[in-house]
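Generate coordinates for the entire structure from the input sequences, incorporating the hints supplied.
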Amino acid sequence: MVAQTEEGAVPARRGRWDRRRTIAAIAGGVVVAAVIALLVIGLVNRDVGTSIQDALDEGERPDAPAFTAPVLLAADGIGPVGSDVSLDDLKGRTVVLNFWASWCEPCEREAPILNEVARRYRSGDAPVVVLGLDVQDLSEKALAFARDFGISYASLREAGDAAYRDYQLTGLPETFVIDPDGRIALKVVGEVTDPAQLTTAIDQL
Amino acid sequence: MRRAAAILALLLLAVVPATAGALTVNEVAREVRCPTCNTPLDVSSSPAASDMKQYIAQRIDRGWDKQRIIDGLVAEFGEGVLATPSKSGFDLIAWLVPGLAVLAGIVAAGVLAWTWSRRRPASTAPAPPPPTAEEARRLDDELRRLR
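Here the protein sequences come in this chain order: A and B.
First residue of the first sequence: 1, per my numbering; consecutive thereafter.
First residue of the second sequence: 1001, per my numbering; consecutive thereafter.
Worth flagging that the hints you see were computed from the coordinates, not collected in a lab.
Take these hints with a grain of salt, some might be off.
[To be verified] Straight-line distance between alpha carbons at most 20 Å, and here's what the computed SDA-like set of lysine to any residue pairs gives: (1) A:141 with B:1061; (2) A:141 with B:1053; (3) A:141 with A:160; (4) B:1066 with B:1051; (5) B:1053 with A:105; (6) B:1066 with B:1116; (7) A:141 with B:1143.
Right, dumping it as structure tokens:
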């Protein structure tokens, strides 16, 4: 009689124990999977994309990532200072988008060249606008830079780094020629040393 | 009396450090990061970091407190400039998750310890089935041979 009771109790207890272990294993598995997923997401986001350069290398014109930023320097109908301007607002015009910062020495050297490009198209019929985008910078330093180097074109200022990441920048300066449909036609990594680097591409659009 | 006051003043000077209360650039710099090098500002030496340190020094000279300077840097560079995530909104998760993970670990350890302590000693193995007629016959034969 005693033996019968024990025989009945043992499998019941063992079944409960197995269920608990299964639940614990599933919970553990879910936690481990979640941690691995977070690590993978972190690594993927950290990676600097190369899709813009890859598309340009294949002769394509990738869509220029959208951005909205406040105006730091008003010019060429872009303003007033402090108002938000987005890339969409400039559709229909060719945009020479130059990422810069006041602490960047090559930016100092290319400023006169960008001024020259801006001046050239300002007087012509082609709807072309040179637009600076100041990033990773202090606004007071940026304004001093604009004064010191006589920047004549409009510039926006981004406090975060969304546009920097979306345009897959690896450093400053970088310049993009964006066609009137909002697609990237040219990317110059580093300093623009000759106006022709930009004007050749602009005139072909 | 004057002597006692002088001694008291000397003692106070010895106890209170000369720099107490004075905000330093590094005290603020370690709360933010350099946007171009992604390292804490107090150990960064890039041109952007130098500009930021100069900004902090100028604000300290103007009498700004630490939080006001940090808020100013956030306005210039965005929330991403903070060395640690803010303690509100989505960023709160970064603060809560490690604490919750430790709590979950403690609870799991407690549950396991409780379960193991309640485990009874393994019950006696079930009695073997009675021998079959053939097995009984062989057993009898073996025993007879031993005699």
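Hints, one by one, checked against the model:
For the hint linking residue 141 of chain A to residue 1061 of chain B, the alpha-carbon distance of about 18 Å falls within 20 Å, and the restraint holds. For the given pair, residue 141 of chain A sits about 13 Å from residue 1053 of chain B by alpha-carbon distance, which is consistent with the 20 Å threshold. The hinted pair formed by residue 141 of chain A and residue 160 of chain A meets the criterion: a straight-line CA distance of about 16 Å does not exceed 20 Å. For the suggested pair residue 1066 of chain B and residue 1051 of chain B, the alpha carbons sit about 17 Å apart, so the restraint of at most 20 Å is met.
With a C-alpha separation of about 19 Å, the suggested pair residue 1053 of chain B and residue 105 of chain A falls inside the 20 Å cut-off, and the hint holds. At roughly 52 Å between alpha-carbon atoms, residue 1066 of chain B and residue 1116 of chain B are farther apart than 20 Å, so this suggested pair is violated. Pair hint residue 141 of chain A plus residue 1143 of chain B does not hold up; C-alpha atoms about 106 Å apart against a cutoff of 20 Å.
In summary, the numbered hints that this structure violates are 6, 7.
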